[in-house]
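**Student:** All chains, full assembly: derive it from the sequences and hints.
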Amino acid sequence: AQSVTQLGSHVSVSEGALVLLRCNYSSSVPPYLFWYVQYPNQGLQLLLKYTTGATLVKGINGFEAEFKKSETSFHLTKPSAHMSDAAEYFCAVSEGSGTYKYIFGTGTRLKVLA
Amino acid sequence: DGGITQSPKYLFRKEGQNVTLSCEQNLNHDAMYWYRQDPGQGLRLIYYSQIVNDFQKGDIAEGYSVSREKKESFPLTVTSAQKNPTAFYLCASSRGQKANEKLFFGSGTQLSVL
Numbered sequence: 072a073q074s075v076t077q078l079g080s081h082v083s084v085s086e087g088a089l090v091l092l093r094c095n096y097s098s099s100v101p102p103y104l105f106w107y108v109q110y111p112n113q114g115l116q117l118l119l120k121y122t123t124g125a126t127l128v129k130g131i132n133g134f135e136a137e138f139k140k141s142e143t144s145f146h147l148t149k150p151s152a153h154m155s156d157a158a159e160y161f162c163a164v165s166e167g168s169g170t171y172k173y174i175f176g177t178g179t180r181l182k183v184l185a
Numbered sequence: 009d010g011g012i013t014q015s016p017k018y019l020f021r022k023e024g025q026n027v028t029l030s031c032e033q034n035l036n037h038d039a040m041y042w043y044r045q046d047p048g049q050g051l052r053l054i055y056y057s058q059i060v061n062d063f064q065k066g067d068i069a070e071g072y073s074v075s076r077e078k079k080e081s082f083p084l085t086v087t088s089a090q091k092n093p094t095a096f097y098l099c100a101s102s103r104g105q106k107a108n109e110k111l112f113f114g115s116g117t118q119l120s121v122l
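Residue numbers (this note's numbering), protein chains in the order written: chain L, 72 to 185; chain A, 9 to 122.
Derived by calculation from the structure, the hints in this document are not laboratory data.
Please note that the accuracy of each hint is not assured.
To be verified - Computed list of lysine-lysine pairs in DSS-like fashion (alpha-carbon distance at most 25 Å, straight line):
id, chain 1, residue 1, chain 2, residue 2
1, L, K120, L, K139
2, L, K172, L, K129
3, A, K106, L, K129
4, L, K129, L, K182
5, A, K78, L, K172
6, L, K140, A, K91
7, A, K91, A, K110
8, L, K140, A, K110
9, L, K172, A, K110
10, A, K79, L, K172
11, A, K22, L, K172
12, A, K91, L, K120
13, A, K78, L, K120
14, A, K79, A, K17
15, A, K91, L, K139
16, A, K65, L, K129
17, L, K120, A, K106
18, L, K129, L, K140
19, L, K139, A, K110
20, A, K78, A, K17
What the hints assert, rightly or not - Label pairs and their computed distance ranges (CB to CB):
id, chain 1, residue 1, chain 2, residue 2, range
21, L, T122, A, V121, 37 to 43 Å
22, L, L184, A, S30, 37 to 43 Å
23, A, Y18, L, M154, 26 to 32 Å
24, L, P150, A, V121, 42 to 48 Å
All values derive from a computational prediction rather than experimental measurement.
From the three backbone atoms N, C-alpha and C, an ideal C-beta is built for every residue, glycine too.
**Tutor:** Now the structure itself:
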């Protein structure tokens, strides 16, 4: 059975510092992996996704994530945090033949300090 | 612009009352989903529909009902059988049903019990 673990429900970084949000997954087959962002009182929007091919995936707003099969990880990074990055971030895994098999992590709330 | 519209943004339910949350999409997507979001628990799938006039239960369907009479509409009814309905409800859609499909989300409905 697939699962997702996000380490750290709250992460704080200073403006301009590196952002690192951790995601580990469990899947019995090669997974599809996603990062979504949610701003307060809004729905989620896709930051980036890994399906096949290049393991370093670039997304919107300067974010990127690297799929590491040996570590079963898909950590999200951004070299320099901006105040507008403050939001909640969800890692998700999907496998099989249907998107209804998405499993979301519990989320990490990112706070950016001035 | 195409997107998903959820209404109302805020909804209050009295004891023993059924309430219906609206979800409309103009993306011409086949698949639609309802998720429940509770603080610290991520998103959990309530119901999903892959085509008109067909839908399946997700992980937490008890106390909820849906219909899919039109491609663009997927309303969710929270029945009186749902004893803990207070949550943020998110509707989503995807173009197809493949596991690597991106989900598009509405801006959510916050349901509270009076």
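**Student:** Which constraints among the numbered hints does this structure fail? Numbers only, ascending.
**Tutor:** Those not satisfied are hints 6, 7, 11, 12, 13, 15 and 16.
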